[in-house]
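Engineer: Given chain A, put chain B in place with the hints provided.
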Amino acid sequence: MNAAPWIEFVLIFLGMGFALLGNIGVFVMPDPYTRLQASATCSTTSVISVILAAMAASGFSPTTGKLAIILLYFLVSSPVATTIIARYAWESGVVPWRKPRRPRGGDVSA
Amino acid sequence: MIPWDFVLWFFLGSLVLGLARLIIGPSTTDRLVGLNLVAGQVLTLLVLLAVKEDVALYLDVALVYDIFGFLGILAVVKYFTKRRAS
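Line by line, the protein sequences give chains A and B.
With my numbering as the guide, the letters of the first sequence map in order to residues 25 to 134.
With my numbering as the guide, the letters of the second sequence map in order to residues 497 to 582.
The hints are simulated quantities; they were obtained by calculation from the structure and are not laboratory data.
Honestly, I wouldn't trust all of these hints.
Just the calculated beta-carbon pair ranges, DEER-fashion [as the list claims (entries may be wrong)]:
hint	chain 1	residue 1	chain 2	residue 2	range
1	A	E115	B	L567	38 to 44 Å
2	B	L545	A	T58	16 to 22 Å
3	B	V512	A	P120	26 to 32 Å
4	A	N26	B	F576	47 to 53 Å
5	B	I519	A	V119	19 to 25 Å
Okay, the calculated bits of chain B under chain A, using three or more residues with CB under 8 Å as the criterion [what the hints assert, rightly or not]:
hint	stretch
6	523 to 530
7	558 to 566
C-beta atoms are modelled at their ideal positions from N, C-alpha and C, and glycine is treated no differently.
Excised from the complex, chain A in its bound form:
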């Protein structure tokens, strides 16, 4: 019994789902901060899942070591890039989005 193909399969489809969700979130969200949140979480989880699946697919070989180095570098660089973008947005004066309020009590003037 070899469990590697099943791990591979599950991780690949997990990565595909997260990638699709992240891209849809980046496309439909109304504000740079919410877009950044969708992009950061979904991109990171999808890349981790796919690299783990590739490690499971390639077996124990030098390829696995290279994939581990790529995963390590991505785990460091992606949150740092997200933080830098968020700080740049805050310092350049992007206002966070708020849900537009409905007029209260049936006041429909204006």
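Structural biologist: Here is chain B on its own, set in the frame of chain A:
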């Protein structure tokens, strides 16, 4: 076993939405978000291609692409930040 062609085309198709955000983004921050997302997806594509074709050289390309994507975002942010009056 795993339909590699379908997986590759799926990632390429989902990348289009991030690329659209990169092109139509109203402000610089939106474009940076799109660039970050597209860089991650292209890294994924290169890793999948390396495993599918069994060419380990693509992994070096993926690592260097990741490093330069990070440095590119850093350079863009550094360029657009207003300089303080010293």
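Engineer: Please flag the earlier hints that this structure goes against, numbers listed from lowest up.
Structural biologist: 1 and 2
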